[in-house]
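Produce the entire structure from the sequences given, and follow the hints as far as they go.
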Amino acid sequence: MKLKGWRELPLGAVVLDAGSAAEFKTGSWRAFRPVWKEENCIQCLFCWMYCPDMAIKVKDGRRGEFDYDYCKGCGICALECPGKKGQKAIVMEEEGK
Amino acid sequence: MAKIVAVTGNEAVANALRQVNPDVCAAYPITPQTDMMQRFASFVSDGKVDTEIILVESEHSAMSACIGAAAGGGRVVTATSSQGLALMWEMLFIAAGTRLPIVMPVVNRALSSPLNIHGDHSDAMGARDSGWIQLWSENAQEAYDNTIQAFRIAEHMDIRLPVMVCLDGFITSHSIERIEYLEDDEVKNFAGEYQQLYPLLDVDNPKSYGPLILPDLYMEYKRAQHEVMTRVSKFVLDVAADFEKLSGRKYGLFESYRLDDAEIALVILNSAAGTAKDVVDEFRDKGIKAGLLKPRLFRPFPYEEVASALKSAKAICVMDRADSFGGFGPMYMEIASAMMLNGSRPILINKIYGLGGRDFMPEHAQMVISELDEIAKGGKIKTFKEYIGVRE
Chain B
1 MKLKGWRELP LGAVVLDAGS AAEFKTGSWR AFRPVWKEEN CIQCLFCWMY
51 CPDMAIKVKD GRRGEFDYDY CKGCGICALE CPGKKGQKAI VMEEEGK
Chain S
1 MAKIVAVTGN EAVANALRQV NPDVCAAYPI TPQTDMMQRF ASFVSDGKVD
51 TEIILVESEH SAMSACIGAA AGGGRVVTAT SSQGLALMWE MLFIAAGTRL
101 PIVMPVVNRA LSSPLNIHGD HSDAMGARDS GWIQLWSENA QEAYDNTIQA
151 FRIAEHMDIR LPVMVCLDGF ITSHSIERIE YLEDDEVKNF AGEYQQLYPL
201 LDVDNPKSYG PLILPDLYME YKRAQHEVMT RVSKFVLDVA ADFEKLSGRK
251 YGLFESYRLD DAEIALVILN SAAGTAKDVV DEFRDKGIKA GLLKPRLFRP
301 FPYEEVASAL KSAKAICVMD RADSFGGFGP MYMEIASAMM LNGSRPILIN
351 KIYGLGGRDF MPEHAQMVIS ELDEIAKGGK IKTFKEYIGV RE
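Going line by line, the protein sequences match chains B and S. Here the working numbering is used: position 42 in the first sequence is 42, and no number is missing along the way. Here the working numbering is used: position 39 in the second sequence is 39, and no number is missing along the way.
Hints in this document: simulated from the structure, not taken from any laboratory. Quick caveat, the model's predicted, so the values are computed rather than measured. Be aware that a few hints might be false.
[To be verified] Within a straight-line C-alpha distance of at most 25 Å, the following computed DSS-like cross-link-like pairs (lysine-lysine) qualify:
(1) S:LYS222 x B:LYS4
(2) S:LYS207 x B:LYS2
(3) B:LYS59 x B:LYS84
(4) S:LYS382 x S:LYS277
(5) B:LYS2 x S:LYS222
(6) S:LYS188 x B:LYS4
(7) S:LYS245 x S:LYS188
(8) B:LYS37 x B:LYS72
(9) B:LYS25 x S:LYS385
So, in structure tokens, the structure goes:
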């Protein structure tokens, strides 16, 4: 994305497009990446409830993949995940490994 | 048709605000501003204006409410003094950076400590870097006229900046003077219909105010803010020209008093300039080429124009009714910068006077002009910065 020069900015830093925060991809902040292990998932949706960034996609009442555009890797989902028979359905892996 | 009345500066400014009839006023009382806002509140309760008045618990809240109301799309006013302006400090920068055309009379008063309620310029000088336009007023007439002009300057679509109208606490705010009021219709037409820009209350076009701007864009916003300040003086002069047609009273970026061939000059703000002009006349009668420059637009400061107006002076005394402790007075720093631009190197001395309402008397001006006269004739410079009218 080309950054705007000072002549192109709206006065007073007013944001004129509603909902434009969606364009700001915060996933790049992530140091640890949550990985979903579907075989251990009981579809309790705790991860969806606890995620502070709506980075867990839910369709028809069932969770799917993470939305890595916005997941900052806080790890709350992995902490809260009850898993199945002691096996977590979400594990944190270091980015870049 | 002008109406001639005998009123105080506070009353005159409150009347200007009534005539403009702003949408919102959020204010908190503080001496010596109190009776200005008290009078304006009476206009509200008596139905003389359509203004929504917001009573707040502090000046920080007053300016915050003004910012919200201005972002909402309203024509907004407040007024304050001294500690009140100091308490607004954080919000002043937000009003300016967000480009909200709020108009705020500032009744200049000393800052604590020690606690003092009387007039000096420490309050508004402390806000000089906030991004607000500052207009200064010698007397109640100028305060009234500047207040009316402030709306046009602030709200111009190419400007959109808040404006402070400064007048001296008690000396101007509480003294009764002869004032020429414009008719209500004249002021209403002069100020014009308020033009909104990005109003939050336009809910069909949602928008956000006050986003976090990180290092990748912050400097571009500041560059744009610098740019708009470079354009302000042109609009100040345009508005002054229109105002002259209406009122017959002429305003510039500053007042030049007997400066054309002046060899020695005073630079002095607000009410003390009136006293000093009389003393300049006395010295002129004695054949001494004295002159005076009274700034009106202090932010943005018209460096080139001021330098040009002072070009014939060999010795200049900049009189400051505020101090920058450990530095020169704030006006001195501006004049010194201006002199660098035109390459002339007059002798420039700085006197700090009138702090905390200490009277500025004709003998103080006489003393300073005599000292300048000696310096211009090749005499020794005693000291570059000195307090005057102070007991040893």
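Evaluation of the provided hints:
{"no.": "1", "hint": "S:LYS222 x B:LYS4", "result": "13 Å, holds"}
{"no.": "2", "hint": "S:LYS207 x B:LYS2", "result": "22 Å, holds"}
{"no.": "3", "hint": "B:LYS59 x B:LYS84", "result": "21 Å, holds"}
{"no.": "4", "hint": "S:LYS382 x S:LYS277", "result": "24 Å, holds"}
{"no.": "5", "hint": "B:LYS2 x S:LYS222", "result": "19 Å, holds"}
{"no.": "6", "hint": "S:LYS188 x B:LYS4", "result": "39 Å, violated"}
{"no.": "7", "hint": "S:LYS245 x S:LYS188", "result": "15 Å, holds"}
{"no.": "8", "hint": "B:LYS37 x B:LYS72", "result": "19 Å, holds"}
{"no.": "9", "hint": "B:LYS25 x S:LYS385", "result": "56 Å, violated"}
Of the numbered hints listed earlier, those contradicted by the structure are 6 and 9.
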